[in-house]
Every structure is written in C-alpha cells, then in structure tokens.
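Letter by letter, the chains look like this.
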Amino acid sequence: MVSNKDLISIRDLSREDIEHILKAAKDIDENPAKYSNLLSGKILATLFFEPSTRTMLSFQSAMSRLGGKTIGFSDSKTTSTAKGETLADTIRMVESYSDIIAIRHPHEGSARLAAEYSKIPVINAGDGTNQHPTQTLLDLYTIKKKLGKIDGLKIALIGDLKYGRTVHSLLNALSKYENVKIKLIAPDTLQMPKEIIEDSKGPEIETGESIDGALKGMDVAYVTRIQKERFPDLEEYESVKGKYRITREMVEAAGKKLMLMHPLPRVDEIEPDVDTLEQAKYFEEAKNGVPIRMAIIAMLLGKIK
Amino acid sequence: MVSNKDLISIRDLSREDIEHILKAAKDIDENPAKYSNLLSGKILATLFFEPSTRTMLSFQSAMSRLGGKTIGFSDSKTTSTAKGETLADTIRMVESYSDIIAIRHPHEGSARLAAEYSKIPVINAGDGTNQHPTQTLLDLYTIKKKLGKIDGLKIALIGDLKYGRTVHSLLNALSKYENVKIKLIAPDTLQMPKEIIEDSKGPEIETGESIDGALKGMDVAYVTRIQKERFPDLEEYESVKGKYRITREMVEAAGKKLMLMHPLPRVDEIEPDVDTLEQAKYFEEAKNGVPIRMAIIAMLLGKIK
Amino acid sequence: MVSNKDLISIRDLSREDIEHILKAAKDIDENPAKYSNLLSGKILATLFFEPSTRTMLSFQSAMSRLGGKTIGFSDSKTTSTAKGETLADTIRMVESYSDIIAIRHPHEGSARLAAEYSKIPVINAGDGTNQHPTQTLLDLYTIKKKLGKIDGLKIALIGDLKYGRTVHSLLNALSKYENVKIKLIAPDTLQMPKEIIEDSKGPEIETGESIDGALKGMDVAYVTRIQKERFPDLEEYESVKGKYRITREMVEAAGKKLMLMHPLPRVDEIEPDVDTLEQAKYFEEAKNGVPIRMAIIAMLLGKIK
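Each protein sequence line maps, in turn, to chains A, B and C. Each residue of the first sequence is one higher than the last, beginning at 3 in the numbering used here. Each residue of the second sequence is one higher than the last, beginning at 3 in the numbering used here. Each residue of the third sequence is one higher than the last, beginning at 3 in the numbering used here.
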C-alpha cells in the first residue's frame, strides 16, 4: 500500500506493508499532538452507499484528529445514484470535491471499481461480503498492541464465518504471519468458504462446529455477529442464532491468557456480563480504529512515509 | 454541573450552577472572538436517535463557534441500533471517537444511562417527554438577558403542559428562584403533571383552562406547541388544537411589559402577525441557544471554570 | 449580486456581475492557497429540503476550501418542517446558527422567500423547476475557461428543455452576451417554454426536434437529462427517453472544435465511450463548481470585493 495509492484489499498488502501501517498507528497513538494539524486543509469524502455508523464515525474522527475535514453521505437513497448515476460518474464527481475517498458499498468489487476511476486515493470501508481492510488492520493492531506479536499465536474465529467479511480478511492477513494456529468454529452452514481458506495458505487450520472448550488454550478468540441481514432465509437465521453465545463462565474457564475480540456491533453473541472481564478487548478494539485510520489516510496522502 | 461531568437534568443543578452557566454564556455572547479557538482539535458527537434539526444545528453551530468539530448522526434508522446494538455499546464506541457527546433519544432516562456508561461528558439534548436542560438554560438566559432578573417575575406557561418537556424543565428551574409567580394555562387533559408540580416547590402556582386575559400582568408568557406526535389519539389532538392560539390582539392587550416566548418549532399556536410585535422574543430565544450551548460544552470540557 | 446580499436568480445579475464572479473564480482556481483561510470561523448552512448530493458536496467542499465550516441537513423528512414549521421560521432559526445559507427546495420561489426573511446572505441551490444560478455560473465559467469568451459562440441546448432548470438559467444568462447563436433541440413536448425564450431576448434562436447533425458547427453542445421525476406521466417519459442519446460517432463527426457539456448526473443520454473523447468536458464542468461556489460565498460575505 505504501507505494500504491489505494487500500482496497488486505490481500494487496505484504507483511511488510502491514507492519509499516501498524508502526505508524502506534506512533500516532502515542503522540497524537504531533499529528493534529497534519492534514489541515484536506478533505475526506465518506461515501457510504449503505449505513455503517461505527465505520463512518471512526473515519470522520480520524480525519478530524488529523486536522482535516469530511464531506459525504450515509444513505444512498438521498444520492444521485437514486437518479440512476453510475458509481464511476459519482466517483469522478467526488474526486473534484475532495482529496481522498472512503467508500462503503453493498456490492463486492465496488471499491476496486471506484479506485480504477478515481485520480485520488480510495479506501475500501467495506464492499458487500468481500473485504474490509481497515477493520482487519485495526484487529491486527489490537492483537499486536496487547500481545506484542502475531507470529505463533493461537487464534479462534467464531460465529458467522461464511458471511462475515471481517473474518475473511483477518484469515487472509494472518496467513502472512509465521506459525499461526487457527480454529474455525461455526455451524456447518456458516463455515469459512473453501476459496478463502485456499487463499490463506500458511497457518495450521482446524475446523469445528462446537464452541464447548473451543476457547481453551487460545491466545485470541474473535467472535462475529450472526448477521440477520446477510441471511436470505429467516428460518436458517433463527436456527443458528444464540448457539454461539459467549458466556462469562466460558471466558473464565478459558483463563486469563485469552483475549476476546469482536468487530461490533454485537447483538447477543457475547453476554453483557463478559464486558467487565479483563479478557474482553472489543471496546479497545473499536477505539483502535481511529489511530489505524489516521495512519492509512495520512500514508495514502503521502504525509507519513 | 460545574463539578459533574454531565448535564442530564435541570434538577441536578443548583441556582448557583445555573447562574454560573448564564454568566459564562453572557461573556461568550459579548466577546465571541475570545472563544473562537477554545476547542480547537476537540470533537463533539451529536447522537440524534430521533430527528431535531433545530437542536442539532444549534449544537453544531456552538461547537463550530468554539473552533471544534462535530461528528454524528441524525436518524437512528441508519445506525447500528437498527442492527440491534444496545445504547451502552453505542456509547462505548462513540466515546473512543469524540471528546463530548450530545444525545437526543425518544426514551426517558436514556441520557442518564448514556452518561453512566460514558467516560466522556454527556449532554442531554432531550430524552422523550422527560428533560431538555439546554433548552431550559437558554430560556432562563433569554429571560435574564431581557428582564435583568428571574426572581419575582410573573410567568405564564401556556399550551401543552402535559407532554411538553420544555415546560417541565422550566417549571423546575423556576422553583429555584425567589418569589416567582406561575400561571399554568392548559386544557384539563393537558395540564402540568402533579408530580412535576410537587417536585417544583417554591413558586406560587395558579392553574387555569382559559387563555382569555391570561397574559395580562405577566412578565413572561411561554407558549408551547400542541405536539401532534405526543398524542396517542388523533381526535384528542384535534379537539384541543387551536384553542390556545395567541393572536396579535391578545398580545397588544397584555401591554408592552410582556415578553412572549416559545421553544419552537411553532405551528399555529402563535399567529404570524405577532412576530413583528416587540413582545415577540422567540427568535431571539432560539438565537440564545448558541452561546448557552457553547458555555455548557466548554465548561464540561474544563475550558471554562 | 456584488451589491446585493443574496444570489437567487441569474436574472438578477448583469453581464458585469457575471464577469466579476467568473474573474474571482479564476483567481481562486489559480491561487487556491491564497484563499484557504479566508472564511476561518464562518459557518455555511446547507438547507437541502430535497436531496442533491452533487450540489451539497460541492458547497461543502467550497466552504472547506475557504477554511470555513458547514452545518445543515439533506432531507426534509428529518427536519422541523415535518412538524409543520414554515420556511420563514426555519430561516429565522438558521440565520442565528450560521453566517450564510445555501438552500435547495422543491418549490419555485422558495429561495426568494428565504432571502426575504433572512438577515444573512442566501444562495439559491435550486428551487423546483425555476432557477439554479450557481450551476449556470459554473457552466459559463467552464465555457469561458476553455474557449476564452462567450460572445459570438454557437451553442446547442439538447434534451429536456421544458423541465430542465439548468437550461432555463443558462439561456437567460447567454442572452446577456453578444452575437450568441442558440439551437434548442428537444422533442416538441419538451421544448423550451415560450416565456423563458421571451425573457431571453438577444441571441439568435433556432429550434428543432432532430438531433441528427445538430452538433455540427457548434462550439458548445449542452445536454440535459430527461428527468424521470419531472414527468407526471411514465409513458411520456418512456417515449422520449433515449431519443436524444449522444454517441461517440456523433461527437467525432462534429469535430474537435465541439465542447460537450452536461450538468450531471447523467443516466444514458451520453454514452460512456464518449467520456474519453477530448470534446467531453462534463467532469471538468462539475469540478468547476468548487471555485465558482467559493467565489460566490466569499463575495456574499464581503471577503472578496
């Protein structure tokens, strides 16, 4: 990425690229004042063709913390897309109005398409069930910040591994590290797609359906929401919902070593009384979205080498 | 409030707290340039779970006038709340992205709940039919700016006193002052709830149903909108609507001393030809929302002592 | 405009006023750094009672590029208008919160009405099928930037000339120049309204229904979208849609001299393979919206003489 102008997929990044971004985010995290006017006069366009408050506010916050400004929309119903404008035309308009674009879109491949038409840098803020690279980078940042390394860790991915875009990106990113051991815990109908596993060669991968004892011995358990809106069939949703619910007992049984993560929002897949356990790191994870996105925006604009 | 980190209810404030805020607002009003960079680098999150353009724009304007930035949403349909996220989780996300929160929510008690979970200051921008403390403070500021005092005034509250949150807060605030005389003019079905009156001991309170002659001798007449959206029953709404309509004749008959207020938006409870009378102070009242909110934000962030 | 406080209609501007704005925009375009803090501390309110992403983002970008801030809304469903507030009251609220207003409204005459009530400058960002003066100014700016002049040009207006507000304003503006020759190419049911033509005395005007050969000899061809949402009758829309579609062959046959413009968004009235021809200037046109709006905002606030 450091040499490219866009951030579309975690697959485009080498381990070195990733480490470089994590290092920049760490410096921002530790010395925020150094960066508070770095992007003064710059404009980020947040083009959210589907709503995602968390990601949008995180990008807006990141741009503000860098001294820049944000323009954009959060609902495609009020855009010229509703009048029949193509994505290519929207991008060629917005690139005149801003210095960098963050795009969220319900269709796979749309961020890549946007980047092809755009003369200014494009960041993929989630395209359908495909990629969400800034989420993966903040996940990696959170792990490394807490555990000091990623090589050699034992990591369980739990919940909806089929439709959950964050776990696809994360698995791919982890495959760039050494001696990582992965457990994929999901109902059969929601297991990690084969093509994602084949594309993530490297880690030792074990799959399973039962959450009982699955946390034991793990360094990281990464839980994802069973996303109702990704299910074509409501009955299928009802049958799996709640099966992968993390309780306080499970987490305590797994021991102090465990680090419990979740991309949020959570519905009921982690019980609220888990929040106060020291293993629970998902709110810190969300917080880490700001320095990571600050690093990415500043690097793509050439303000951090 | 000065010592607390949140502003949730006018009931939490002593008379001294209120006077302290009004004084700070006055200084801001008179010396805006002094404050124009006070919150440079700070971020206000405006979390509007129900729409309120006036209040939101007023908060955004206040934050801008202090040199700060705003992030947020104005419609809960496009938030992760729609995906089933709890308010507590939303708050723990947003506190990572901002320095202070203004929350508007349809449910009573939600602002208090938000404050309990938040590590950063929370301002209640209206929670259901409960409280709207920044509105009350700007109302008090408007009265004091014009009349020089609040003690000893004769004040009529007119219209929907049952569902109107602003008059609840205002009555409570007035009870902290000396020798205030209050008239509560409303149809029986919309009179001020008993528990609010009991909670506002101090002023001499008189209730009545008829608006005829009610303005006479008053220092302030505070009119509220008969809010259609608060009525479970449309017929009830139709039967009372228009009964409490303020005309030019009424205001002229009441004399020059009267100060006519309204929290806005107004529908037809004050006739448009009243606007040009010197007694009409509701647009000045709206304007006063900016210095008052500037004072509150700056005080909660510790930038005004 | 230079002496007025508002920009409501292109008809209010003399040729000298227009030239003055174009000149200011040119200086901004060439020396952006000179203007980057001009409006520091100022607030633009963008009141969009109907959605228009392009225009809104362009205004927000312009204000940001001048160092100012923006507040506003993009959907009247979430405003107090939905509660029954009049436009006059909304304006008298917003003028307290901002320094200048850009208003977009579905009803003709609404921008003029807003200006009458407002103490701060008002810019019409489109009122129904009536006027959209900032679009016209950026169109003129685009022509002059490319061709060096407007006097003596041959200009074809093509497509929906009945409902298309931009072509109404543009025709009126062109009538202020010397020796302009205009072709109005549209289906009979969508021809330029007689009152607009009568109001635009000066240019030699020729009307026609066929697009065949219509581009030949033209300096500028200005194409507008057949706007589905303006048609009361869907059948009428279907019958004319596509008849006025610009192809690569047509543009190449017209020669290098031609400059092809479109206010955007485009649906299918210009084929995508036209985009790469050097005659296609519509994306540059969109880009020019920023310096033009910067010039207008700064002039109305008295910061450019």
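Please keep in mind that the hints were generated in silico from the structure rather than gathered at the bench. Some hints here could point you the wrong way.
No copy labels: a pair is met if it fits in one copy or bridges any two.
Claimed, not checked - Only pairs whose alpha carbons sit at most 25 Å apart, straight line, appear in this in silico DSS-like list of lysine-lysine:
(1) K36 with K196
(2) K305 with K44
(3) K156 with K7
(4) K146 with K245
(5) K85 with K44
(6) K121 with K25
(7) K307 with K230
(8) K36 with K289
(9) K289 with K121
(10) K121 with K147
(11) K146 with K185
(12) K230 with K305
(13) K121 with K85
(14) K25 with K218
(15) K164 with K44
(16) K156 with K230
(17) K28 with K185
(18) K44 with K185
(19) K289 with K44
Structure-based check of all given hints:
no., hint, result
1, K36 with K196, "neither (44 Å within a copy, 56 Å between copies)"
2, K305 with K44, "both (11 Å within a copy, 22 Å between copies)"
3, K156 with K7, "neither (33 Å within a copy, 41 Å between copies)"
4, K146 with K245, "neither (30 Å within a copy, 60 Å between copies)"
5, K85 with K44, "neither (29 Å within a copy, 33 Å between copies)"
6, K121 with K25, "neither (27 Å within a copy, 27 Å between copies)"
7, K307 with K230, "neither (41 Å within a copy, 48 Å between copies)"
8, K36 with K289, "within (19 Å within a copy, 33 Å between copies)"
9, K289 with K121, "between (31 Å within a copy, 13 Å between copies)"
10, K121 with K147, "between (34 Å within a copy, 22 Å between copies)"
11, K146 with K185, "within (19 Å within a copy, 65 Å between copies)"
12, K230 with K305, "neither (40 Å within a copy, 45 Å between copies)"
13, K121 with K85, "within (24 Å within a copy, 35 Å between copies)"
14, K25 with K218, "neither (30 Å within a copy, 59 Å between copies)"
15, K164 with K44, "neither (38 Å within a copy, 40 Å between copies)"
16, K156 with K230, "neither (29 Å within a copy, 57 Å between copies)"
17, K28 with K185, "neither (28 Å within a copy, 61 Å between copies)"
18, K44 with K185, "neither (43 Å within a copy, 42 Å between copies)"
19, K289 with K44, "both (23 Å within a copy, 16 Å between copies)"
Comparing the model with each numbered hint stated earlier shows that hints 1, 3, 4, 5, 6, 7, 12, 14, 15, 16, 17, 18 do not hold.
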